[in-house]
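If you're matching them up, the sequences are chains A and B in order.
Sequence positions in the first sequence follow numbering that gives the first Met the number 0 and run 0 to 248.
Sequence positions in the second sequence follow numbering that gives the first Met the number 0 and run 0 to 248.
One thing to keep in mind: the hints can contain errors.
Here are some chain A residues pointing at chain B (derived, C-beta under 8 angstroms) [stated by the list, open to error]:
id	residue
1	E5
2	D17
3	G22
4	K25
5	K44
6	H80
7	D81
8	P119
9	I146
10	A191
11	G192
12	D203
13	M206
14	G207
15	A240
16	A244
Lysine-lysine pairs mimicking DSBU-like chemistry, simulated, CA-CA at most 35 angstroms apart [said to hold, decoys possible]:
id	chain 1	residue 1	chain 2	residue 2
17	A	K174	B	K25
18	A	K27	A	K171
19	B	K175	A	K199
20	A	K216	A	K27
21	B	K66	A	K27
22	A	K107	B	K239
23	B	K174	A	K199
24	B	K66	A	K90
25	A	K66	A	K216
26	A	K90	A	K66
27	B	K174	A	K174
28	B	K174	A	K27
29	B	K171	A	K25
30	B	K25	A	K239
31	A	K25	B	K107
32	B	K216	B	K66
33	B	K216	B	K27
34	A	K90	B	K112
35	B	K233	A	K66
36	B	K216	A	K175
37	B	K107	A	K216
38	A	K175	B	K199
39	A	K112	B	K66
40	A	K174	B	K216
Honestly, the hints are just simulated from the structure, not real lab data.
All C-beta atoms, glycine included, are put in the ideal place defined by N, C-alpha and C.
There are 2 protein chains.
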Amino acid sequence: MKAAGEGIVTAALLVIGDEILSGRTKDKNIGHVADHLTAIGIQMKEVRIVPDDEPEIVAALNALRAKYNYVFTTGGIGPTHDDITADAVAKAFGVPIDVDERALAPMKAYFEKRGVELTPARLRMARIPAGAELVENSVSIAPGFMIGNVIVMAGVPQIMHVMLDAATRYLKTGKKMLSAAIELHRPEGEIAGMFEEHQKRYPDVPMGSYPFYRDGKPGTQLVLRSTDAALLAKAEAELKAELTARGWL
Amino acid sequence: MKAAGEGIVTAALLVIGDEILSGRTKDKNIGHVADHLTAIGIQMKEVRIVPDDEPEIVAALNALRAKYNYVFTTGGIGPTHDDITADAVAKAFGVPIDVDERALAPMKAYFEKRGVELTPARLRMARIPAGAELVENSVSIAPGFMIGNVIVMAGVPQIMHVMLDAATRYLKTGKKMLSAAIELHRPEGEIAGMFEEHQKRYPDVPMGSYPFYRDGKPGTQLVLRSTDAALLAKAEAELKAELTARGWL
Chain A
0 MKAAGEGIVT AALLVIGDEI LSGRTKDKNI GHVADHLTAI GIQMKEVRIV PDDEPEIVAA
60 LNALRAKYNY VFTTGGIGPT HDDITADAVA KAFGVPIDVD ERALAPMKAY FEKRGVELTP
120 ARLRMARIPA GAELVENSVS IAPGFMIGNV IVMAGVPQIM HVMLDAATRY LKTGKKMLSA
180 AIELHRPEGE IAGMFEEHQK RYPDVPMGSY PFYRDGKPGT QLVLRSTDAA LLAKAEAELK
240 AELTARGWL
Chain B
0 MKAAGEGIVT AALLVIGDEI LSGRTKDKNI GHVADHLTAI GIQMKEVRIV PDDEPEIVAA
60 LNALRAKYNY VFTTGGIGPT HDDITADAVA KAFGVPIDVD ERALAPMKAY FEKRGVELTP
120 ARLRMARIPA GAELVENSVS IAPGFMIGNV IVMAGVPQIM HVMLDAATRY LKTGKKMLSA
180 AIELHRPEGE IAGMFEEHQK RYPDVPMGSY PFYRDGKPGT QLVLRSTDAA LLAKAEAELK
240 AELTARGWL
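Could you build the full structure based on these sequences and the hints that come with them?
Spelled out as C-alpha cells, the structure:
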C-alpha cells in the first residue's frame, strides 16, 4: 500500500459498465463519491472506468487495492447476466462465491411482502464472496458488500448513495483535506507568475488555479488545500494580502 | 497494442486533475468524449482520472498508450504552475519540450489584437513536445497537440469540444458500434432469465440490461450492440418477438 503520510487515508473508485464507456449512460457517481470521501477524511486518488469484462475488472481491482487504503466499486451487481462484478471480486480475492443467507433472508421477506417472485435472476443478487461483510441497501434490499479493503456498491445512484452511507461506518478515516478558494475577476494568465511564487513559499499546501467565464468575462478561482488548518489559514491570508496589494482582489 | 479485432479501433481517456478527484469540479468531459468516439467509430475501453502529479500521469499514460489505439487526455494544459500535462507527456515519450513557433505565432497575434500581455505564464501554453502535431483551439487559440497515439486536450469543456473536433481528422476510425434499445415496463429481475438465453444465442452481440424507475414504477432498458447491422437487426427482431409473445412488450 502506498505510503500516503501519517493520518492520510486514500481511496480509488472503480466504475464498472459498458454503458458508461459507450456514452449511453452518463456517470453520476464519481462526483458524489468524491464529495463524500473528501467530507469524511478520505482522499480519492484515482478513478478508473472499465467495461463489463471479468479480466479487466480483476486486473483493475488488484492494481488499485494494492495501492490505496480502500477501493470502492459501482455497477454490475444487479440480477442480469451482464452483472458480473461480484464474481470478478471473488476471483480477484481468490475466494468462493455463493448465495449468502444473510443477504437472502431479508430479500425473501421483502419480495414476499410485495408479491414479487424470487426468480433465479434475483437470487443472483444474494451471491456474496466468502468472508465479505454485507453493506446495507435500504432502498431495494439486495445488499452491497465489503471484502478486504474493497467496497462493492450498486450503480443506480439512489442505491449507491445509501450503500455509501452504510459502508462509511466500516471505514478508517484520516485527516480531512481542507480547502480555501479565492475568486478573482482576472484571467489566470495574469496571476500565474505571482501564484507560482506563492506555491513555492508553501510547498506543502497544494495550490490549483481554475479558469471560468462569467458574463463573457474571464475569471480565476485559486484553490489552496491542506490537512493543517493553521497552515492553510496562513497561506490564504498571505495570498489575499498580496492580491489586495496588487489591486486584484 | 491490444488486438481488438479487424476494423475495431479502441481508445482510452485520461482525465488529469486534483479538482475532479476532490469533487470540487464535476467532470463534464467523459460523457462527451464517449458520445463523440462512439459516433465516429472508435470504442472507448477505459477511463482513468489521476491527480496533477507527474509520475502518476506518466505511468497511466504509458500503460494506456501501449494498450489502446488512442489515448485522449483532458486537463492540465493551462498557464499556471499546476498545469503539468505537456511536460508529463514529453517525459512519457522521452522527448524534449519547448516553446513551439507554430503554437506561439497565432497566440501572439491573438493576444496582441486584444491588448493582452504575453506573460511568461501564457508563453507556457505554447510549450509543445518535440514531434507533436498541433490540435487547433478555435476558442482561445492556445493549442492542444497529438504525439504518437496520444491526443492532449484542455479540460475546460468548451475548449475540449473544439479540440476533439479538430483532432478527429487525424484519427483512424473503425467499424461503428451500433446499438438497439428496447424499453420494457417490467423489472429486470423478471426478464433476466429469458434475456440471458437470448445472449447465449447471440454471443457476438453484447447485451446489457439497465433498470430505471419512472412514475414510481420499475422498468428495464435492454440494449444490444454490434458492429454488424444485419446481425443486430436479427437479434433485435427475435428478442422483440419473444417479448411480445410473453406479453411483455
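(request) Identify every previously stated hint that the structure contradicts and give their numbers, smallest first. (result) 1, 9, 12, 15, 16, 19, 23, 25, 27, 31, 32, 34, 35, 36, 38, 39 and 40
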